[in-house]
Amino acid sequence: MITCTLRYVLDPYKIAEFEQYARLWIPLVNRMGGTHHGYFLPSEGANNIALALFSFPSLAAYEEYRIKMAADAECCAAYELEKRNRSIISYERSFMRPVLSGQD
Numbered sequence: 001m002i003t004c005t006l007r008y009v010l011d012p013y014k015i016a017e018f019e020q021y022a023r024l025w026i027p028l029v030n031r032m033g034g035t036h037h038g039y040f041l042p043s044e045g046a047n048n049i050a051l052a053l054f055s056f057p058s059l060a061a062y063e064e065y066r067i068k069m070a071a072d073a074e075c076c077a078a079y080e081l082e083k084r085n086r087s088i089i090s091y092e093r094s095f096m097r098p099v100l101s102g103q104d
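When the letters of the sequence shown are read in order and numbered with full-length UniProt numbering, they come out as residues 1 to 104.
Hints are computed from structural coordinates only; laboratory data are not their basis.
Don't be surprised by glycine CBs; every beta carbon is placed ideally from N, CA and C.
It is possible that part of the hints are untrue.
With beta-carbon atoms standing in for the labels, derived distance ranges [stated by the list, open to error]: (1) G33 / Y13: 29 to 37 Å; (2) A71 / Y13: 15 to 23 Å; (3) A16 / S101: 14 to 22 Å; (4) A73 / E44: 22 to 30 Å; (5) N47 / G102: 16 to 24 Å; (6) D11 / S101: 36 to 44 Å.
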């Protein structure tokens, strides 16, 4: 399993707009074969950092998702929403291997 972790730097005045965008992606990732673990929005501390985590069975499965995502109308609509909202200033994408129990 591979987990994609996204660290976003947000416009702190557009958290509500980012949350709208985030809520669109959770079912999209799940529909396309991933497991979305959610978005984590600012609460205490930094007011402009958010995280997202979602997993795929393998890096190859993630790459297939990226190809399908680029042609999917709902995914394109989500990207267009963010283009209009401009809530994301920047982001970093990393891939990690989760340890989910002491038995892994």
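Status of each hint after checking the structure:
Restraint check, G33 to Y13: a C-beta distance of roughly 35 Å satisfies the suggested window 29 to 37 Å. Checked against the hint of 15 to 23 Å, the C-beta distance between A71 and Y13 comes to roughly 33 Å, which is inconsistent with it. In this structure the hint that A16 and S101 lie 14 to 22 Å apart at CB is violated, the actual value being about 36 Å. For A73 and E44, the hinted distance range of 22 to 30 Å is not satisfied, since their beta carbons lie about 38 Å from each other.
Evaluation of the 16 to 24 Å hint for N47 and G102 yields a failure: the beta carbon distance comes to about 36 Å. For the hinted restraint 36 to 44 Å between D11 and S101, the CB-CB distance of approximately 38 Å keeps it satisfied.
Of the hints listed earlier, those the structure fails to meet are numbers 2, 3, 4, 5, in rising order.
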